[in-house]
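Number of protein chains: 2
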Amino acid sequence: MPEPTRRAPSGAAALRADKTAAIAEAVLDELAEHGYGRLSMEAVAKRAGVGKSALYRRWPSKQHMIIAVTSELSVELAEAPDTGSLHGDVLAMLGAVADWLTHPRFSRIFPDLIAEANRDPDLAQALARSIGEPRRSRVTDVLDRAVRRGELPPDTDRELALDLLGALVYWHVSIRGVRPDAGYLERTAGTVLRALGARPAV
Amino acid sequence: MPEPTRRAPSGAAALRADKTAAIAEAVLDELAEHGYGRLSMEAVAKRAGVGKSALYRRWPSKQHMIIAVTSELSVELAEAPDTGSLHGDVLAMLGAVADWLTHPRFSRIFPDLIAEANRDPDLAQALARSIGEPRRSRVTDVLDRAVRRGELPPDTDRELALDLLGALVYWHVSIRGVRPDAGYLERTAGTVLRALGARPAV
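Residue numbers (the numbering used here), protein chains in the order written: chain U, 23 to 224; chain W, 23 to 224.
Hint data in this document are derived by calculation from the structure and do not stem from the laboratory.
Not everything, but these chain U residues come out facing chain W in the computed CB check (under 7 Å):
{"id": "1", "residue": "R130"}
{"id": "2", "residue": "P133"}
{"id": "3", "residue": "A137"}
{"id": "4", "residue": "G188"}
{"id": "5", "residue": "H194"}
{"id": "6", "residue": "G199"}
All C-beta atoms in this analysis are idealised placements derived from N, C-alpha and C, irrespective of residue type, glycine included.
Chain U with its partners taken away, still in its complex shape:
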């Protein structure tokens, strides 16, 4: 599918921001309650107190609408901290992933989108382009800075490093259902630093 519209299409000036915000809230509520497969444009419009045409003026399809709303929330929460040390940055990033995955509604929404993406390659691509890649590109800057400080080897396997930062917290929180406390995040940061072969800054 084409790039989801973050900016409103032609006629944008006529789209009221408060209506867009109300629709976004309704999309998140409906996704959390019923999931992607059972979400209907009718139900979103009703919950937002608007007509269905207000939805279609903003997004051409249900998939575009859902991707636009969930990616805005997800990319915003992808922190690219600069604490001065890789340990501090990793700890902050793991905390941000934990916040994202425990976000009251999103904790139910994200696993559901993943399930749907495993049935629908088109949705999988849209999610990768609108959530996965922007999040990963933000985090790459953090790794590059650590390489420049001498904390990471220049040939650091960036793909695996990025996987590590998301995977452990997802498995712990969203698959095993364990709440991530400060002790867990600290242990995980230590594990990630060892996995990356990190050294103290020189």
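Starting from the structure of chain U, add chain W where the hints point.
Below, chain W alone, put in the same frame as chain U:
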């Protein structure tokens, strides 16, 4: 919920194994096509060519049936290899996780069960008890052997070690949708060994 019945309840002798196998296949097909939420006992019975009563003679509810069928498949695929080295064992375990998560039907079933579990704490508990814990307990033996060989420190953080073995492959395969090839599994095994602070056997 009570422990899912792996052994058939009273009257077991009368339950035909070929019928049970046909029902299990139908459950997996229906789960892969429609997901947990939309699976109906009627559709499973019809697909298996049996009456609904044949289902209820085996399991008291839809949840029991699904947990019994999916845990049998999952726990069977949890390899506890003994190759003689931690590197060999980790590589074999990562390969087994990759096989499990790319299993033609299960690749769609598992993410869907996780999504449902994030909406249904009762299902989450049943999955942890019937899939998560048995898989983790098998793998713990592998870590214990590595500690005895001196490849892992005695105070190895087993919880994080077990998370590492599932999390990275899940994130790569089921969330990012990347096919796990031999090169990927080898790089990941190296990452896991570094994360665990592994040393060659003494």
